[in-house]
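Fit chains G, H, Z, D, Y, B and S to the known structure of chain P by using the hints.
Residue numbers (numbering that gives the first Met the number 0), protein chains in the order written: chain P, 0 to 221; chain G, 0 to 221; chain H, 0 to 221; chain Z, 0 to 221; chain D, 0 to 221; chain Y, 0 to 221; chain B, 0 to 221; chain S, 0 to 221.
No lab work stands behind these hints, which were simulated from the structure alone. All values derive from a computational prediction rather than experimental measurement. Among the hints, erroneous ones may be present.
[To be verified] Beta-carbon label-pair distances, calculated as ranges:
no.	chain 1	residue 1	chain 2	residue 2	range
1	Y	A67	H	E30	28 to 38 Å
2	B	F136	H	E30	38 to 48 Å
3	Y	T141	P	K3	48 to 58 Å
[To be verified] Restricting the straight-line Cα-Cα distance to at most 20 Å, the calculated cross-link-like pairs of lysine to aspartate or glutamate (EDC-like) are:
no.	chain 1	residue 1	chain 2	residue 2
4	G	K75	D	D167
5	B	K85	S	D167
6	Z	K108	H	E58
7	D	K89	Z	E59
8	Z	K88	D	D167
9	D	K108	B	E30
10	S	K89	B	D167
11	G	K108	D	D35
12	Z	K75	H	D167
13	G	K85	H	D35
14	G	K108	D	D167
15	Y	K85	P	D167
16	B	K75	P	D167
17	Z	K108	H	D167
18	S	K85	B	D167
19	B	K75	P	D9
20	D	K88	Z	D167
21	D	K108	B	D7
22	G	K108	D	E19
23	H	K75	Y	D9
24	Z	K108	H	D9
Here a beta-carbon is modelled for each residue, glycine too, at the ideal position from N, C-alpha and C.
As a plain string of letters, each chain reads:
Protein chains: 8
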Amino acid sequence: MSNKDFIDIDIAKVDIQRSERNGYPEVIYGEGKTADQIIEISKVLLSKDKTVLATRVSEEKISEIYKAFPDAVYDKEARCMSLNKKDTKKPDSYIAIVTAGTSDIPVAKEAAFCADVFGNNVECIYDVGVAGIHRLFACLDTIRNAKVIIVIAGMEGALASVVCGLVDKPVIAVPTSVGYGTSLNGITALLSMLNSCASGLSVVNIDNGFGAAYNASMINHL
Amino acid sequence: MSNKDFIDIDIAKVDIQRSERNGYPEVIYGEGKTADQIIEISKVLLSKDKTVLATRVSEEKISEIYKAFPDAVYDKEARCMSLNKKDTKKPDSYIAIVTAGTSDIPVAKEAAFCADVFGNNVECIYDVGVAGIHRLFACLDTIRNAKVIIVIAGMEGALASVVCGLVDKPVIAVPTSVGYGTSLNGITALLSMLNSCASGLSVVNIDNGFGAAYNASMINHL
Amino acid sequence: MSNKDFIDIDIAKVDIQRSERNGYPEVIYGEGKTADQIIEISKVLLSKDKTVLATRVSEEKISEIYKAFPDAVYDKEARCMSLNKKDTKKPDSYIAIVTAGTSDIPVAKEAAFCADVFGNNVECIYDVGVAGIHRLFACLDTIRNAKVIIVIAGMEGALASVVCGLVDKPVIAVPTSVGYGTSLNGITALLSMLNSCASGLSVVNIDNGFGAAYNASMINHL
Amino acid sequence: MSNKDFIDIDIAKVDIQRSERNGYPEVIYGEGKTADQIIEISKVLLSKDKTVLATRVSEEKISEIYKAFPDAVYDKEARCMSLNKKDTKKPDSYIAIVTAGTSDIPVAKEAAFCADVFGNNVECIYDVGVAGIHRLFACLDTIRNAKVIIVIAGMEGALASVVCGLVDKPVIAVPTSVGYGTSLNGITALLSMLNSCASGLSVVNIDNGFGAAYNASMINHL
Amino acid sequence: MSNKDFIDIDIAKVDIQRSERNGYPEVIYGEGKTADQIIEISKVLLSKDKTVLATRVSEEKISEIYKAFPDAVYDKEARCMSLNKKDTKKPDSYIAIVTAGTSDIPVAKEAAFCADVFGNNVECIYDVGVAGIHRLFACLDTIRNAKVIIVIAGMEGALASVVCGLVDKPVIAVPTSVGYGTSLNGITALLSMLNSCASGLSVVNIDNGFGAAYNASMINHL
Amino acid sequence: MSNKDFIDIDIAKVDIQRSERNGYPEVIYGEGKTADQIIEISKVLLSKDKTVLATRVSEEKISEIYKAFPDAVYDKEARCMSLNKKDTKKPDSYIAIVTAGTSDIPVAKEAAFCADVFGNNVECIYDVGVAGIHRLFACLDTIRNAKVIIVIAGMEGALASVVCGLVDKPVIAVPTSVGYGTSLNGITALLSMLNSCASGLSVVNIDNGFGAAYNASMINHL
Amino acid sequence: MSNKDFIDIDIAKVDIQRSERNGYPEVIYGEGKTADQIIEISKVLLSKDKTVLATRVSEEKISEIYKAFPDAVYDKEARCMSLNKKDTKKPDSYIAIVTAGTSDIPVAKEAAFCADVFGNNVECIYDVGVAGIHRLFACLDTIRNAKVIIVIAGMEGALASVVCGLVDKPVIAVPTSVGYGTSLNGITALLSMLNSCASGLSVVNIDNGFGAAYNASMINHL
Amino acid sequence: MSNKDFIDIDIAKVDIQRSERNGYPEVIYGEGKTADQIIEISKVLLSKDKTVLATRVSEEKISEIYKAFPDAVYDKEARCMSLNKKDTKKPDSYIAIVTAGTSDIPVAKEAAFCADVFGNNVECIYDVGVAGIHRLFACLDTIRNAKVIIVIAGMEGALASVVCGLVDKPVIAVPTSVGYGTSLNGITALLSMLNSCASGLSVVNIDNGFGAAYNASMINHL
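Chain P with its partners taken away, still in its complex shape (with noise of 0.2 Å):
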């Protein structure tokens, strides 16, 4: 590999070595950056063809980048965006994505969205959260069949641990922001995550579904 292997674009120096080195593309991180600044990137990955993908693009930056790439594919609730998607061929494996309420599907739909553009198939199911207890033991085979599991979970995190328990494949969890008081946006949860009793649980940042999502995707394509 070669220091040369990125475009400066002032703004940004962008990485085109990335996806032989890393296995992806670059992907933008949305929150910090313009509509613009997404844009200017934009044309630089799909100068040399490579796929695009975006997150945290809100719905107002979404309405300009549109007038650029018309055809970019957006998801609002997983609040992410892809140009240039390859159709690739999928391993047949799957991973799993678990939610444990119904608020913790926006992360899940960002990690679902960033698993297909990485190649991926994905089996999503929401709302098995330890409250009720018995709805998360009627889709365990579809858990356990998954080579990768991703439990998506707020307020105190506990199926994380749960599942983990349960299944002999590498579980990723991902703390979210759901809750109020001492939830702490998320750091309960994540606290929670950390120090599960149940083993071969690791954590990303809070409502980072893209993270998992990459991660899950590097151990599914093994």
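Just chains G, H, Z, D, Y, B and S, lined up with the frame of chain P:
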């Protein structure tokens, strides 16, 4: 009980077994849900003739919900909504709900609304914080004659300890986010209550009037 | 009640009215007190024929206390001591004390010791944490038949939510300092329990087996 | 005042102007200093006929210090030492020092020792915490007749608010590190006191009996 | 005093005994209250010929309040309102109010407004923070001649320590939320003030100009 | 699976179903347990011909354990013990374990010991932290050829991000408690890793070499 | 220097001695000030022929300020304004300003604007974070040839350590609030930078481009 | 530079390129290392004729190290050791090291020891904290004539701001863990320094005398 006792409507797996298992039907936490989601879940519960209780329902959402359920009962201060409330016989005993200040009243209203839906008599006593402790002593008989007591306080939350030291009934303390600066949005009141020098106090999440009512109702129905 | 109902021994104003006011005599918190101070206060309580209960009494202190009170009853794991325990009739119902792991047993022992002194029957169930959740289901009848349930757990504290979602009795959760790193000496378990997605949970201070027993006893005696 | 008003002994620049500037001579904070350093600084102060006051002096250190100053006055509970104390006339008014519990007494002793060295009459009232609030009411006259009141409490620190709501004198609150778990070594009591619903409270650092005495003495000498 | 000395208007139990007990009538904390609630409580206080003082009254609320009380005195920067202020004789001594910067002035205005209502002369000195410490020395005589000093500072709050090291009067420090990033909305200034190396400092809650004025007024009236 | 698949020895309910459910037998967390408890639980596992793995076993405890199990395999740096390890065929692929510094080696040893017991080949690379980043590049081939990578770092934990940006395999980051002051016993490294700008990183608890090995082994066995 | 070297305009005591004492005139921190206050203070500085520099000036405020000073120089991204900038000779050496990502550019712009006003040459290098570390190596010569280096990064802030390990010049690290969840608004990047394993790093407040420029300018002018 | 420029001794990859890259050889952080590890790494550095500097070396470890290197230079207060120090010419300018109190001296000693090994003249000024600010003014010329200033302070750390407001040289602030209660082991001083109202301050980790010396030395050698 069976793992099949829920109704899957994609965005939620509505737990229709909960009244058998936990004594009350599933309660809808309104904060992270859209008005449409609340309506959908309510319809499922009503289809099984369950009482619907939704908390943290904003005025924006209720105006949508009224279109679907014109007979919804809504309390603006409590931010709670109910449907299909049953006229079950209440226990003779009552729950005392005590607040330290005027600003804590909305949390008390949530607790009172929920306790009523759960089938309890309630006595509310507002603004008896320790800055003028003689106000508390004037109301002590009503508090002592309750079967269980909910104390709601923000700032330093001292009222919970003081009440607990004066009664022989279980006291459930609810810290509120009333205050500023080092009140830390209710963390200070919570910590204070967890460290009460008076014995017999238990604590719920900040501003969690619903949870306190749920716990108190269980005790009141023993 | 009178403002004179205490005995002043300089280092303490022993509250001899507490059993009338709160249902139980004053309990001695042993941690910040010398053996001599515990002995002095005990003598005052005994002079009024009160039952003495002291918590957090180390083995060093008890060896001193035995010299003054050879018939003191002491449990090394519970770190609790009692004197002059009365043979009052206990309610038929019982308190279930449930722990997530083996390391949580000392806190359970404190809770059980205190609950016994307060005049309660107790059923203890150890090591049913969610890493092997079938162990919990095997014990569920014993838990469900209790009048009130104490759940004791460290690490992520998920057991409290799971138990609470399966019963129709009040659940008192006790976070423990079991764990390391981000368990934060029990803060994580505490936060987890305060944010339980299951309704009806209330929480006491970290490792506070005594407080949970006190609260549970009040409920059990209703 | 002159920039030259100190004596430089390398390890310290002893401030010999402080009694003129601040009303009292420099006080030695003993915790981070060796016995030798305390002795050296004391000698400088004595060479200018200043009263020496050292706080947080452990028993190990005082045994060294006694060799240099056999007439040092030391209080083991207060962990304070004084030398060359002057018989100045004290104001007729007094400082009330009130503790919530027995375990808070060492901090009260530090406050009382310092207040005495600063030339004040003191009334100490121990163990009147809100778990048995009638004990406080029995002592209220002594508290109300003070010119300034120091309230010392750990755990939830509620006593400070309660006292403050009952008097028309300035109240200085001292949080103590008494407690466990979420008492956070005194942080909880501190936060509680800073958020008192009663007006007129000011707060010093955790376990800072000295600072409270210093502040109270200034007020008592007005 | 009697437990009956309050007027119950449901949303509040207005404490009409407070001026006798604490030296000043009940002050209305405006932040958590509606304009209507402030008006209702004010009417009760006025019916007993009490002076009304309300803090943290926004401009939106005052425009409502003016309709009920056209002669209300309101200071926009201080966000304080008073009614029925009495012309009592003020002590000859004064309170010095000192700020570190221009941005701290609103808190100083709150303190000054309240101190005036409580019957005190006040001297305000703005913008003498330690970045240009010669400005402080130029004003030192005014500060030293006060009976009690309020120091108001955000950011690192160093001014409080510096002033305290230069005077022989009690210093009340008010941390402000001025700053960004690690100023943590005033927590840093608060911690700094609690750990002052200069003796005799006491501290109130962040931005609590009212509390500082209340405490200072008590001292000034001794 | 059956709810009966555990053996109850009072202090523990040993989960003998775990290898079927999770791929590995129950692992003993040694920190909160006495040597006797570890021995008792080991005996139960051995009676079912399970491999025993115990982590966080101090040297004091192992000397007791050796009496019961003279053939116990113990690694002093790793603080891990195993019994009855099976000679199962390992996958050809390997786990790379990379540390930032020399002080992180004990956590790496725990990870390596556990990974070996779980049936994995391991390559360890120590002391390639970013202060001398050329050391990392010299070892990059070994890291890139692994199937999964564990990065162990204290202080600022930057190595995890740097490695993750250079590979196309899943990276599990283990923060360590190496550092002082604001390293906050590993919290800083943990936060750093959770916020990696490189994608595909997941994180376990501080100093949790075992958990990282467990997760990596699951991936390596896919 | 004299204690009289300031101009008192009530809302501020403008320090006109600062350029002599600190090397640069007083800089106006715009965030807590109104447009009017900024204008007033600017007029005083201009009356003494000082250069005016104001930071954190929003677009709303600048439109007011333009009315008073039509020739004000304003950079929208940097949120900085200057007046009466002098054409002093700059040192030949330059300050390198390096950012990890595109979202960190506004802080870099603040640093660059201020460094320029302070009389420095600046080289800006954007978006060389460790997710694509070859971009950094491509720019290393420019960084190494600087006299002092400012590294600006959010998220995990790893770039600061990496740069610091590659150069022999002082590195000033600026954490930014870029990130989400456990980035804690920049606290994580700050902690990371304070614990750098590379030596020679010093740190300023979150998003404090101004402070870094000030410090760097002092070094560049040595 | 080459990726091969280190010597691999298994427990460490000793960086022998660091003096060329960073200006000084690799420094050994002694805290997490055994005496044997320190000796091994020292031998490698000596084999390349590098100066050895090890920090945070306890007295227990040095007694072992003396056996291997009888001519090791060790300062007990500084806890630092050096070997093979070179007599290079020092710059004429000097570094001023200033402490707030006597208890901060050990950190100053570490800074002075390291600065000397790095080839710098140093002037130390102890105990000039703001409680007696005239002591600082008496030493101001020595401070102002330095090329770079290190300010070391615990408690509220106000000295750093005051010094910084009085000089036109870069100031590096070192918070110390001196204090108790809310000093939070140095966090308070750190936060205070990061929020200095005086410009031009940069900060290093708590008690990090070494880091401050390293940074100051780089500046002093410019």
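Hints and how they fare:
1. Y:A67 - H:E30: 28 to 38 Å: Since the Cβ atoms of A67 (chain Y) and E30 (chain H) sit about 35 Å apart, the hinted range of 28 to 38 Å holds.
2. B:F136 - H:E30: 38 to 48 Å: Violated: the Cβ-Cβ distance is about 57 Å, outside 38 to 48 Å.
3. Y:T141 - P:K3: 48 to 58 Å: The hint (48 to 58 Å, Cβ to Cβ) is violated, given that T141 (chain Y) and K3 (chain P) are roughly 26 Å apart.
4. G:K75 - D:D167: 54 Å, violated
5. B:K85 - S:D167: Holds, at about 19 Å.
6. Z:K108 - H:E58: This hinted pair is violated, its Cα atoms lying about 28 Å apart.
7. D:K89 - Z:E59: Not OK: K89 (chain D) and E59 (chain Z) at ~53 Å, beyond 20 Å, violated.
8. Z:K88 - D:D167: 18 Å, holds
9. D:K108 - B:E30: 19 Å, holds
10. S:K89 - B:D167: Roughly 17 Å between the alpha carbons, so the hint for K89 (chain S) and D167 (chain B) holds.
11. G:K108 - D:D35: 18 Å, holds
12. Z:K75 - H:D167: 54 Å, violated
13. G:K85 - H:D35: 59 Å, violated
14. G:K108 - D:D167: The given pair, whose Cα atoms are some 50 Å apart, is violated under the 20 Å limit.
15. Y:K85 - P:D167: Measuring from Cα to Cα gives roughly 19 Å; hence the hint holds.
16. B:K75 - P:D167: 54 Å, violated
17. Z:K108 - H:D167: Between K108 (chain Z) and D167 (chain H) the Cα gap is close to 50 Å, so the pair fails against 20 Å, i.e. violated.
18. S:K85 - B:D167: 19 Å, holds
19. B:K75 - P:D9: Holds, at roughly 17 Å.
20. D:K88 - Z:D167: Holds, at about 18 Å.
21. D:K108 - B:D7: Cα-Cα ~18 Å, so holds.
22. G:K108 - D:E19: 33 Å, violated
23. H:K75 - Y:D9: With Cα atoms ~17 Å apart, K75 (chain H) and D9 (chain Y) stay inside 20 Å; holds.
24. Z:K108 - H:D9: 13 Å, holds
When held up to the earlier numbered hints, the structure conflicts with 2, 3, 4, 6, 7, 12, 13, 14, 16, 17 and 22 and fits the remainder.
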